[in-house]
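Construct all of the structure, not just a fragment, from the sequences and the given hints.
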Amino acid sequence: MYGLENISAHNGWAITFVGVTIVFTGLTLLCLSIGQLHKILGLWENKDTSITNQDRKTLTSNAANAFPKPVMPVKDLETIAQYKLIVERLQQPFSLPKLLDIAVKIGLDRPHSTINTLLVKKIIVPDGKGYFIWTL
Amino acid sequence: MPSGLELLKSIDMFSTFTQEELEKIAPLVNPMKVMEGEILAKKGYRARTFFIVIKGDFLLSFQNGKAITLHNKGDIMGWSTLVAPFEYRGTVIALTNGEVLTLQGQEFYLLLQSESALSSKIMNEINSIIASRTPYHEV
Amino acid sequence: MAQLFLEFLSNTGFALADYRHLIMILTGIIFIYLGIAKHYEPLLLVPIGFGILVGNIPVFKGLGLGIYEDSSVLHYLYMGVTSGVYPPLIFLGIGALTDFSTMLARPMLMLLGAAAQMGIFATFLGALALGFAPNEAASIGIIGGADGPTAIFLTAKLAPHLIGPIAVAAYSYMALVPVIQPPIMKLLTTRKERLIRMEEPREVSKKEKIIFPIIGFLLCCFVAPAALPLLGMLFFGNLLKECVVAERLAQAARTSVLDTVTILLGLTVGASTQADVFLTPQSVGVFILGAVSFGIATASGVIFAKIMNLFLKTKINPLLGAAGVSAVPDSARVVQIVGQAEDPNNFLLMHAMAPNISGVIGSAIVAGVLWSFIG
Chain A
1 MYGLENISAH NGWAITFVGV TIVFTGLTLL CLSIGQLHKI LGLWENKDTS
51 ITNQDRKTLT SNAANAFPKP VMPVKDLETI AQYKLIVERL QQPFSLPKLL
101 DIAVKIGLDR PHSTINTLLV KKIIVPDGKG YFIWTL
Chain B
1001 MPSGLELLKS IDMFSTFTQE ELEKIAPLVN PMKVMEGEIL AKKGYRARTF
1051 FIVIKGDFLL SFQNGKAITL HNKGDIMGWS TLVAPFEYRG TVIALTNGEV
1101 LTLQGQEFYL LLQSESALSS KIMNEINSII ASRTPYHEV
Chain C
2001 MAQLFLEFLS NTGFALADYR HLIMILTGII FIYLGIAKHY EPLLLVPIGF
2051 GILVGNIPVF KGLGLGIYED SSVLHYLYMG VTSGVYPPLI FLGIGALTDF
2101 STMLARPMLM LLGAAAQMGI FATFLGALAL GFAPNEAASI GIIGGADGPT
2151 AIFLTAKLAP HLIGPIAVAA YSYMALVPVI QPPIMKLLTT RKERLIRMEE
2201 PREVSKKEKI IFPIIGFLLC CFVAPAALPL LGMLFFGNLL KECVVAERLA
2251 QAARTSVLDT VTILLGLTVG ASTQADVFLT PQSVGVFILG AVSFGIATAS
2301 GVIFAKIMNL FLKTKINPLL GAAGVSAVPD SARVVQIVGQ AEDPNNFLLM
2351 HAMAPNISGV IGSAIVAGVL WSFIG
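In order, the protein sequence lines correspond to chains A, B and C.
Here my numbering is used: the first residue of the first sequence is 1, the next is one more, and so on.
Here my numbering is used: the first residue of the second sequence is 1001, the next is one more, and so on.
Here my numbering is used: the first residue of the third sequence is 2001, the next is one more, and so on.
In case anyone wonders, no lab produced these hints; they're calculated from the structure.
What you were told as hints is all true, and nothing was included just to trick you.
List of simulated lysine-lysine pairs, PhoX-like, C-alpha gap at most 25 Å:
1) B:1055 with B:1042
2) C:2315 with A:39
3) A:84 with A:98
4) B:1042 with A:105
5) C:2186 with C:2313
6) A:105 with A:121
7) A:98 with A:121
8) A:105 with B:1043
9) C:2315 with B:1121
10) B:1042 with A:129
11) A:129 with A:98
12) C:2206 with B:1121
13) B:1043 with A:98
14) C:2038 with B:1043
15) C:2209 with B:1121
16) A:122 with B:1055
17) A:129 with B:1043
18) A:39 with C:2313
19) C:2192 with C:2315
20) C:2206 with A:39
21) B:1055 with B:1121
22) A:39 with C:2207
23) B:1024 with C:2206
24) C:2207 with B:1024
25) B:1033 with B:1043
26) B:1042 with C:2038
27) A:121 with B:1055
28) C:2186 with C:2315
29) A:105 with A:122
30) B:1024 with B:1055
31) B:1055 with B:1009
32) A:121 with A:84
33) B:1024 with C:2209
34) C:2209 with A:39
35) B:1121 with B:1009
36) C:2207 with B:1121
37) A:98 with B:1042
If you want it as structure tokens, here you go:
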């Protein structure tokens, strides 16, 4: 047997209807009882209002956040000049990852921390659109 | 080295979390030292680890050459661990030696199943950061 | 000596294998690949995939090696599946792992879990229409509950000869939830609906979380007593978790017990998919109907949410309906992903956990109902 005949022969419609009813009844009852549970508990005793949003003081100050920056590994002026040359080639505003990439490729000493120092000293500043500007 | 819990307490993002909540998160975070030049995440790779800066400076580079730099304690990286398609949107490079807290995406989702309110709190903190960085990695 | 050597060769897998074994071995390897390389439900697909390899090594019948031979080790391990022992133990672990507070904070979302179970009944009717017997049709329909332990539990009771294909279909589709659900969700919702932001849920007290498993167990099992083994263990596990005083037991339930049973269940279910049992036209029917079941379950949940919105002042995001498909927490994650595709700041994951978890309860109730009607 196939099709609607098989469904009817095995009470498929009745099983489906009753089954759906039972599932919805069970979960609706659970939904209604849970919905009242917190109200009943609130009536039973003083509701615990110590909601867990107590203020915390940060344990470190902003000064601690400014962790000592590494010392520049090369003489300042010479380093600045080297990076300025690369930036001129890239044109402004430039891509900082590209600057880093070129600095690595041409073998400049410790390019990562050098670029960081240039950022900290605001010689390189972000333009707010994901690119950077040389300010010196 | 301070424990995970002590480090969490010192981060602004977790300033509104209770001791109990921090104690639940602490086992999931691991402090990790990073070296200058180290790549923590690569664009397009499967995002499995989420990072919170403790100290150090980091470069996040996105497509089209765009980038941002992070210098402050509590800055986050690798949020794609928690958001589809679970691929890093940018490459993270350490500009200086530093330290980060790591959180594995898989463990975060287990936390989700067992502590949904806490997970909601974490995601609310991260959401605003996700929104601010979206313009950089969109084409 | 030559005779002995020839006899040995004739007993090796190379001599006994045919193309069906190769198909199943390839299937097992694909499952393992999906689990390890693609991270699709690795905790399920890796044991099942390896189990498929175990079950499809060609062996000489009568040596007590195969899973269907009475005296074999695999057969004894498989008894946990056929007797229905493993699924309740898994539910114990799930209960000890899951936080019901999002559901307690917004009980109305439970109805989405109920709606998603329509997929089970629609597929039950479809399977009957295709000529399956009622016990088989019920076992196939339960795939739409997206709950592996529930599917295995019911099938073990009603149609044990279909455990292999039904379990493999159920777990495969659970792993493919991120692929199956999003197109259906996008088709049935408008952009405006997908952008709906949910209200922050209220705080749920510890007392509520402790009382809920007791009330939930009593209420659900009074309504559907046949769901007792599954729901009893689910709520018991949750009580162990929430009461705090039994944390050691809760810890054992959600780690060692859950992991051990998952290994044994996955391995033996995989091993039960022997080529001669699995590669049949019936199995093809099971897989097709299983996919239909998932699709209808997703659609039912979403449509019910839209219907609810006709009566609600504060609308709910209809995407949450898809989370009524009880693949926890994957379908909740899918809701998050689809919602965030429209609005990156719309964080639906927590809200989706409510229908997700109620879907587990709903599918267990349906299994109990079908078992009591047809068993």
